[in-house]
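Chemist: Protein chains in written order, with our numbering: chain A, 1 to 265; chain B, 266 to 481; chain C, 482 to 676.
Hints listed in this document are in silico derivations from the structure and should not be mistaken for laboratory results.
All residues carry an ideal CB built from backbone N, CA and C; glycine is no exception.
Don't take every hint at face value.
Computed cross-link-like contacts, BS3-like style, restricted to lysine-lysine with a CA-CA straight-line distance of at most 25 angstroms [as the list claims (entries may be wrong)]:
| no. | chain 1 | residue 1 | chain 2 | residue 2 |
| --- | --- | --- | --- | --- |
| 1 | C | Lys546 | A | Lys182 |
| 2 | C | Lys524 | B | Lys479 |
| 3 | C | Lys496 | C | Lys524 |
| 4 | C | Lys496 | B | Lys345 |
Computed footprint of chain C on chain A, listed as stretches where at least three residues anywhere in the stretch have a Cβ under 8 angstroms from a Cβ of chain C [as the list claims (entries may be wrong)]:
| no. | segment |
| --- | --- |
| 5 | 10-22 |
| 6 | 29-41 |
| 7 | 61-67 |
| 8 | 81-92 |
| 9 | 221-228 |
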Amino acid sequence: MALPLPLGLTHSEVAFVAEMELVTVVPRQRLESIDLLSGKTPPLRPPHRADLPLWLALLLKKQRRANIVPPPWLHPASLADIVHRETKVHPHAFSEPMPTASRARQSQPGYAGRIGGGDSSEVILSPPFRSNCTSAAPAGYLPYHWLEVAEALITHASDDLGGNTSEIRGLLRDLVEVRAAKMRDSAETLGAEGQGGVVSLRGVGAMELAENRGFVLGVVDGVRKIGGAVETARREKEEEMDLGGGDGGRGGYGGDGDSDDDMGI
Amino acid sequence: MPMYGDQGNKLVQHAKRMQNLAHLPPYQTELVRAVTREVRDLDKDVASLLEPFQGSFDPSADQSTACTLLVNHLSMRRNKRCLLAYHRTRTNKLEELVWNGSDVLDLAGQQAGGGANGATAAADGGASSSLSPQEEDYVRQYGDLLAAYKGQWTDIDLTGSLEPPRDLFIDVRVLKDAGEIQTEYGAINLTKNSQFYVRQGDVERLIAQGYLQKLG
Amino acid sequence: MSYYDIDSILTDAEKIPCTFQLDIPDLGYLDNTPKQPLKAGTKVNLPLWLAEMLVIANTGGPDNKTFVTFDLPRALGNDVVQALKADPRAVPLRDQSAHFYGLATHMMDLSEEQELGSVLRKTFVTRAAEISLHARKVGGVSTKGKGKEEGSNLGIGGAGEEFLRGLDEWERKLFRKAHDGAKSGKEWMDSIKKN
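Given only the sequences and the hints, what does the whole structure look like? Please build it.
Modeler: Laid out in structure tokens, this is it:
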């Protein structure tokens, strides 16, 4: 263990968490419900589809006891559509995250409501409780764990991907590259005058966050310190005007804590 | 022309280099002594500068003395910061080594022996630790503290691996004889070069200590 | 940055040009003449930890002046600022100072330099994007179109090496963070294949 521990989740932790995502399987054998910490799994009855956590689905897949139904967004047409949007339509933004699941209201045709919203007390907002990777997920959007789930399925269930593995792999590489370039460019946006040092990370996946967290926070911190020096000078001047000269304490924001009072003992 | 604070700076450069090393380089006894000596000299200077004033020094009446006093004071303060930062960097490293479960005191002796002064260090026998006596004491007591803290839980190893498990069971090869261990599934005798399929949680410690190697 | 921060302490050892405003008999050693008094008007390069206090401490005299005045170090001089405005990526900052940004923020604390802040901000973020690019390559993630053979540690060309050599301490840290991120991403990718 290296101290201090890295900020946020590491790659292997993200990959572990991603295995809680629900995916759809077509069982080849019967399996009774299992009482897991996360709740009971549905009993498996071939040929009826069922949603299982990814780790369990992969285990059954390896034992040839089930096939995995790839989520619609992993279809080559869906991925190509996202690549098109990322490169041509919005070349400077990450594509929209998966919309909250909604369903048509039976009482008001033409209107849709958020599932769990309104009358029901069951609110489903975040993965793994949102079915972002099951066969019911919409196409054309990347879920939070897109890269992890996609890589797992390509590696362990490529025969379930309809013979499109190499095409999917290529499209995923394109996505990884184009989004990495956007993440790099975000550094420049952070420092641009008038942008307020804000970059939207909406739609960025968990693995991408793990990879770029250190770098992006480093850039933010650097910009803050450079701006902070200017800011401190301005604030000190203001304080002097207010108080008619302070005691010269510099331990606060933007100060570098080099006085003995900052030893922190 | 050497200046006040130069020695302290050297000490901090040592600390900087240390941050990127896996092991702990030898304690800079001489340098630490030189910096503390410098502080004492500066303090004497201040005392002799102030002596003629009999405790009633007026800075605005004698500006050049005031400036010298300020320079001396800042030099002492700088040296203090360098000394503290050097030692703090080392203790942070020591604490990390203790958390990693390495036998720091044993390790320290080996490293000093393997360094550039290998021959002399070996001749000195056990007196070649890269830790200062105070640091050795610190490590020992910190180790005790950590052991007492860990001891409160029997089924969770606080110093265990933070990597999420991939599989509950793993294949391991024995690199060094590790004797017999007790597991949920009975006793296993870990003799060199043998291979076992074991529960990862049972052998994590031994892997970290280099007795076992994880396969696959 | 804290009291114990090694980089902050080393930054404080960076020297800036100062001019003494009064004669001081005992400080001749600062100008390499230990037996002589230090004359008013003498120019001496002083480390930040010393200069910072001397330029703000009041002599207490009737004219209300400070012990020393200071100038911007050459690392932040006009030549460098103009070069940074032209192309931030083309300037090896490390040749100016190993703690370039640290030194600069200290100087901005002390002086009323308005322009320096925005030039530095632009410089930092422009170079950061470049750093990220190199870190990704060195981190083992081969970019599109280039094969695995270039994914090795030696995959960066001469120009890239030159740029990385010129990074100051802040930037080196940034490079390490970006590199570690890319590297553990690569390790994760490899680990899926294995399992």
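Chemist: Of all the hints given earlier, name the ones this structure violates by number, lowest first.
Modeler: 1, 2, 6, 7 and 8
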